[in-house]
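Participant: Spelled out, the chains give:
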Amino acid sequence: MLQAETKVGVVAALEAPAVQLENLTVEFIRRDRQVKAVNGVSLTLARGEILTILGESGSGKSVTLRALMGLMPDYAHLSGKVSVMGRDVAAMTRAERAAIRGPVIAMIFQEPMTALDPVFTIGDQIAEIIMTHEGIDKRSAMKRALELLEMVSIPSAARRLKNYPHEMSGGMRQRAMIAMALACRPSVLLADEPTTALDVTVQIQILLLLRQLQAELGMAVVFVTHDVGVAAEISDKVGVMYAGRLVETGTVTEVLGERRHPYTAGLLSSTVHGGMRGKPLEMIRGQPPNLATLPIGCAFAPRCNYAVDRCHKEDAPEVELGEGRIVRCIRAETPPDSVTN
Amino acid sequence: MKEVNVTDVPALQSAAEAAVAASEPIGSDAGYWRNVWSRLKRDKVTMTVTAILFMIVMIAIFAPWVTFHDPYAGSVLRRLKPVGTPNHWLGTDETGRDLWSRIAHGGRLSLLSGVLPVGIALMIGGLLGVIAGYAGGRINTMIMRTMDVFYAFPSILLAIAICGMLGSGFTNAILALSIVFIPPLVRISESVTAQVRSLDFVDAAKASGTTTAQIIRHHILANVLGTILVYATSLISVSIVLSAGLSFLGLGAKPPQAEWGLMLNALRQAIYVQPLVAAIPGVMIFITSMCFNLMSDGFRSAMDIRLEQ
Amino acid sequence: MSSFQAYFPPPPEEIRGGAAQPLLIVQNLKKYFPVRGGILNRVTAEVKAVDDVSFEVRKGEVLGIVGESGCGKSTTARLVMQLIAPDEGTLVYDGDPVGHLRGISVAALRKQVQMVFQESFASLNPRLTVGDSISYAPRMHGLPRAEADARTQRLLREVGLNPTQYMRRYPHELSGGQRQRVNIARALALQPKLLILDESVSALDKSIEAQVLNLLVELKQKFDLTYMFISHDLNVVEFISDHVMVMYLGKVVETGPVEEIYRNARHPYTRALLKSKPSFDPAKRTREMPLTGDPPSPLNPPSGCRFRTRCNFAQEVCAAVEPPLLATPDSPARYQVACHMFNPGSGHTQAISGASHVAG
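Residue numbers (this note's numbering), protein chains in the order written: chain A, 1 to 341; chain B, 1001 to 1309; chain C, 2001 to 2360.
One chain only, chain A, in its complex shape (with noise of 0.2 Å):
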């Protein structure tokens, strides 16, 4: 990825990229495990860009999101560097991380019913977040509550400012919560998983308002799915996970379009479209890892059908095929084929 040049000082500040950690490593302890649930990821994004973190489940995403926002649980070790905007998230306190949320970090939700109150309406969260942070009154926040759901197409915005939660559709709830994620115009957004629980015409609906947004306010998106398709569209980066560890990054052409990393490559074919029809579909054979239960050397080994013994024994190396382009694997050099043949 690309790294800015950093200068000394305030200069540093005005210079650093938007997102950036450096060997982020989450493990959680518990009494009868431990578990690495973030292994050593390090990115870099820069203002303005949108990075999506693809991956299924247990493969860490969604805590990597949680540690950029320090909502970690208590059981939860850090290591490694977490800084946005410049600054180290991980070395705050408790006060400066809330002070930070909001004004320079926000994130959205995968379901909009269990991140918002449900007992206040949704003028009334919105301008708590706006007067909490900006010290207005009440009558001057209700206003930028009214711009702010005008920006992200309520219709008959005047009216959904009483509205509770239950009262809304979900694509209604999901963009009062885009609105609440904005109030403060943040230099980052986090989004983890917005549009799963979605139907599909209001995903694309959340997609294209996701976009159109981000242009206006040129913030850096942080985007986190499951969903191929989804991350086509709205990404400029792409970052691939796999038990916890980056496999591929690369823009999002690179990534979709070569896929040098098996794991990535079996992805993507092994995605259901359209024309598939008639013929078994490619997979991936084996199941998710077992994070309690990682084997040695490279995570993906046991599924991949490129591996050989030194995959078994080492961990896989980072191969950097370009500014940016980061392979985990042996094979880096060259293109894998088709999955099964």
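Among the clues, some could well be false.
To be verified - No farther apart than 25 Å at their CA atoms in a straight line, the calculated lysine to any residue pairs in the SDA-like style are these:
#, chain 1, residue 1, chain 2, residue 2
1, C, K2193, C, S2303
2, B, K1206, C, P2126
3, A, K162, A, L209
4, A, K279, C, K2059
Claimed, not checked - Listing some non-contacts, in silico: residues in chain B with all C-beta distances to chain C over 10 Å:
#, residue
5, Y1032
6, L1199
7, K1206
8, V1241
9, M1290
Since the hints were derived computationally from the structure, they do not count as laboratory data.
Ideal placement from N, C-alpha and C gives every residue a C-beta, glycine not left out.
Place chains B and C on chain A using the hints.
Facilitator: Relative to the frame of chain A, chains B and C by itself:
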């Protein structure tokens, strides 16, 4: 980790064959009840409390063998001896009977008065509740609203009223308490059955054309029995206290039966003469009741496993 | 009655119905759920979950039912399975009307038609082992333990799970994909002919989804099954179905062979739905919204055509008259669409011309 030597891409296998070869369950588990047991073993409080309870039960069962006096043999000379008297290590009561014998023999009646009503109520109430929960609709309404009527009365008043109707005596007290405990057991069984009823696997069982009785027996019971039993265990402590109360009021066991509640009443007058001795039946009621309570709590937490992958 | 039956005994199992007879014919299926409110808990409104739905499933084919939330596809599945009692409508299974004296009873239907549910922690009884879950139904129907277990072991092998490893496991020890295979095995335990798959792969990871879909295709060929495949995922439905039915707010809006629906859809909703699929090519991103607004609630559907509130081509006739499900003059066999634009003489200014076919 097995050594795999794959040097060439395997030929396309059928989906099933490929899966059989590579399939491996993700976890290894001994089953739900073993998990519960291992969690219980780690819970020191529950283990201690259960041990105490076990001791009390043993003492009650083997009372004739662990006591050295007749619980009904009194002596005017030996009235209200203090704790620590040689030959009467817990002292004597107001008619000179050895307190330790009375406590040990009384334990039988008191424990029975805790367990029996709950056991009876469990069978009747549990069944009614499961039927109500599974059937839904009109049957559910009929049963639950009937229970609501009983719920309107505080349990002790209801017990007294029923005892008053039936007459006093130990068996009548047991009967009264059973009736008092039926509504709460119906309520909990109905609630937990209704929850399980809405799960997909019950729909699948219905869709396979099996009868209601078969579905309840194989699918519902195993999933609800645990919760119901734990709740019932917590009711035992209430039952012991209630029956002691009934005896205290003269509605339960009758003199000269040894029963802790009755003893508490009888020794009331002696509280200024021998406070320690007068307190002992009360202390026993308290300890036994607390033990049942804590034990059921412990069971409940142990069974509340969030089955994580 | 009994002498009548002796005179005309029912045909033997094998040729019952025959190859040309559709396996399932559903006619005018209706289910309204009452919404209660007020002091006396009276019915204040009705959710018209399934409203006059008719379709048929031919032997050996896969009927895909696709639609968004609130369209009634899951309710339709449960109505066919008789898990919910329909308010109106008839079901004919292999020539026998369901629930009738001279037809097939609901209990007997349940042996022929089985359902595979969406994978969740609640799809299998957590207290039963995998083996017990699968052998439950055969045993309850009278099969002795040993035979039921043998059948269970065969089924586990068929779905790709090693019986020695899985028979005595509990559901929570399995991954999502493995549990779904167990669900499939359980559904096959009574050796049904029709399998209803309700969002069976929706909860699975994409790489596992491909495995399970391949398995379903294999099993269908091996056991000569017929599928009703219900999903909101357009791609999966296109992959596995032969015939597709599109539902919107309790009604069927378009139905036909899969190629016709996916390449040559006519109904505005179907077209919008297909255009809403995210593009897999970053160079060809979606530029404009195919459809605005949210799917309306089935509590108060619009009059006439239910889609008219979001349709770009809505006119007065659409609010006044509900479009019937009809074939068009140039459409292939078994194709029907419910839209005034494709019904000559409907009154819509853009209606096509030509003789209209009666619903067929």
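Participant: So which of those numbered hints doesn't the model satisfy?
Facilitator: 1, 5, 6 and 7
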